[in-house]
Amino acid sequence: MGQRDIISYETSVRRKSGIRTAAKMCRLDVESAVKGHEQHVNIIPSSRYMVGRGVKRKLSECEDPTLDLPYPQQRQMVLDLCLNKLQSCQRRAEPSLHRSVLLANTLRQIQREMRQEGVLHSLESPPPAPSLPQALAAQRQSPEVAPTPSDRPDTPVATFSPSPLCEDDNAVSGCIGLHKRPWSEDDGKSPDLLLGSFEITNSTSYLTDLQLDDIFEDIDTSMYDPSDFSVLACPSPRVNSGSSLGSDDNLKAFSSSSALQVCLNDLDHIMEILVRS
Amino acid sequence: MAGVGGGNDFQWCFSQVKGAIDEDVAEADIISTVEFNYSGELLATGDKGGRVVIFQREQEVSLPSSSKNRPHSRGEYNVYSTFQSHEPEFDYLKSLEIEEKINKIRWLPQQNAAHSLLSTNDKTIKLWKISERDKRAEGYNLKDEDGRLRDPFRITSLRVPVLMPMDLMVEASPRRIFANAHTYHINSISVNSDHETYLSADDLRINLWHLEITDRSFNIVDIKPANMEELTEVITAAECHPHQCNVFVYSSSKGTIRLCDMRAAALCDRQSKFFEEPEDPSSRSFFSEIISSISDVKFSHSGRYMMTRDYLSVKVWDLNMENRPVETYQVHEYLRSKLCSLYENDCIFDKFECCWNGSDSAIMTGSYNNFFRMFDRNTRRDITLEASRENSKPRAVLKPRKVSTGGKRKKDEISVDSLDFNKKILHTAWHPKENVIAVAATNNLYIFQDKIN
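These protein sequence lines map, in sequence, to chains A and B. For the first sequence, counting from 1, position 98 maps to 98 in our numbering; every step adds exactly one. Converting from the second sequence to our numbering requires adding 1000 to each position, the first position being numbered 1.
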């Protein structure tokens, strides 16, 4: 029953807190009352996104006075929203591939735009992203969803070095600092990595697909060079999929030979290591 | 006020509402799909709890005094059968629960006394047979009336069991279970016009099934890239052509529709027709792609047109013209300036459905605040109505609603900021022959019909 509660339906949380009659006002949206023929000063953004003093206020005389925030800030906000949603998407009991794809596309589009404008100029050489094969292998092995960039939610919103577009935002310089965010490459990859984990796998195929060798890759078996032993006398210490290391049948066949006691002891030792890992 | 759907005197009236009234709605009761059968006699709903409820229309009542012998009232829909179609499952490997929510119900054409429908959740499709039993045999030899076995030695004479009438019992039994063919979430099922096959679509693949065969299906569309990281587009809906059994369409999250001909190739990855409207550069925003994602596609009954629903509009396409729709109807354009808020609260991802009326002259789709919209294709008139308990007096005429977008709010208008975005009408259905509509508002099902003069 607990699982069922986790299933998220957009309204269920809101419903519990009472029916909301209006969509929460997003800074990019306009009060519908503003639209009209009366001359109106632009809307004061909520304190959360309050820009510093000295920001130019534009008179919204144009047809569509939605842009009271400078474009790069709008974009940054959407970017943050996107990232948050992608992360929360993965944490849900029922991740939606459709939604993740839409979010990832929006994210990519914003990143592309930012790159084109040269805003990421100073972040051109990001630290290496986690290698893909490892990440994918990690996904396959554990039922956990792909590792999301965990450092992101808590880092403050980093603004970039002032670009020609941000003239008005000199007052925002309080936040200016190039937080070395290695996310530029990661973000391109992380939404993508998330997409790989969506398949409802069939448990039997999972086992046959999995290369058991990969699990044991990192175990150092160099001490147990198979060439030291006679090939016939002792089964290889490396695990082959489908074969059983130290199976009873194999052991019984060799148990008589005293020269192979050493081999068997080594075998046991290796088994111990493998089982422990 | 001139109405939509049936001419100038036309007016929609409240007929019935089904479902609990309490404010506190159990999540399992939320209706997730609504569908009339081919004759309109039966109306099926599926909910998030995996249950299917079928309503049957009672016979129309005629007043003998009526000069034209017109029915006094349209038949009402009453519960005919209720059954648990799907149960929640658990994918142990991914630690994910597979929801029992019924995503779609599609009726099969009736071939005998029983009715059949297909219902699907995210992973499994089931064929249910709903049959009536109104007779039972009485006078068995080997058992008593209450079912106890009789002692064989006590039987001295034989009798022939006789069929006696009994109270009507409606039984639903699962006749076929089509499972394990979809890795991703199933979003559509559609019965083919050959009445032998049907298709099922998930985010990345479409399969063709034979109704009699459950252990095999043909994969006819596969858009999964070799590298999942290159995925940028998913399938959002699919439907078979109503008359040509070799043709089907599927829509995508990028606002495109592909029409495929199964005669062309076994794997229909290459479309025969590609429908896409060029984007209007002046209305481009961060959310352009998200709002262009098509949430529903429906062929017209004639098979000449198809209709698509994206977040803000409904478009009618002529199958012979791929580069743009022939008609575009704005459902709630006033939301365009609110897209960021709707993105924040996830409403922008809501999937609205749309439907045609029987003659293809009108289309209907839902909106927020329990509003739903109807467009008359001939007169170009549109109307906004509300499904609410306040308008629920029997045969009360529905008053058209209006959302005010300007600064001045007229009387009876509602401003955009007062809309309740929790009350959304995602699922609607129109009777195949008459002006009767079913509108699902969260856990309530409203039935409206035209006013009989």
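Please keep in mind that the hints were generated in silico from the structure rather than gathered at the bench. Positions of the beta carbon are idealized from the N, C-alpha and C atoms, including for glycine. Treat each hint with caution, since some may be false.
[As the list claims (entries may be wrong)] Each computed DSS-like pair below joins lysine-lysine, with the alpha-carbon atoms no more than 30 Å apart:
(1) B:1143 / A:85
(2) B:1410 / B:1433
(3) B:1451 / B:1408
(4) B:1433 / B:1423
(5) B:1129 / B:1433
(6) B:1094 / B:1351
(7) A:85 / B:1423
(8) B:1451 / A:85
(9) B:1094 / B:1143
(10) B:1433 / B:1408
(11) B:1094 / B:1135
(12) B:1224 / A:85
(13) A:85 / B:1094
[Said to hold, decoys possible] Residues from chain A that keep clear of chain B, each with C-beta distances beyond 12 Å, as calculated:
(14) 101
(15) 103
(16) 104
(17) 105
(18) 109
(19) 115
(20) 264
(21) 270
(22) 271
(23) 273
[Said to hold, decoys possible] Among chain A residues calculated to face chain B with C-beta under 8 Å, some are:
(24) 29
(25) 76
(26) 81
(27) 83
(28) 87
(29) 97
(30) 99
(31) 114
(32) 274
Cross-check of the supplied hints:
no. : hint            : result
1   : B:1143 / A:85   : violated, 64 Å
2   : B:1410 / B:1433 : violated, 37 Å
3   : B:1451 / B:1408 : violated, 33 Å
4   : B:1433 / B:1423 : holds, 29 Å
5   : B:1129 / B:1433 : holds, 24 Å
6   : B:1094 / B:1351 : holds, 26 Å
7   : A:85 / B:1423   : holds, 22 Å
8   : B:1451 / A:85   : violated, 46 Å
9   : B:1094 / B:1143 : violated, 51 Å
10  : B:1433 / B:1408 : violated, 41 Å
11  : B:1094 / B:1135 : violated, 48 Å
12  : B:1224 / A:85   : holds, 23 Å
13  : A:85 / B:1094   : holds, 20 Å
14  : 101             : violated, 5 Å
15  : 103             : violated, 8 Å
16  : 104             : violated, 8 Å
17  : 105             : violated, 6 Å
18  : 109             : violated, 7 Å
19  : 115             : holds, 16 Å
20  : 264             : holds, 36 Å
21  : 270             : holds, 29 Å
22  : 271             : holds, 26 Å
23  : 273             : holds, 27 Å
24  : 29              : holds, 5 Å
25  : 76              : violated, 11 Å
26  : 81              : holds, 6 Å
27  : 83              : violated, 13 Å
28  : 87              : violated, 14 Å
29  : 97              : holds, 5 Å
30  : 99              : holds, 6 Å
31  : 114             : violated, 12 Å
32  : 274             : violated, 23 Å
When each numbered hint is compared with the structure, violations occur for hints 1, 2, 3, 8, 9, 10, 11, 14, 15, 16, 17, 18, 25, 27, 28, 31 and 32.
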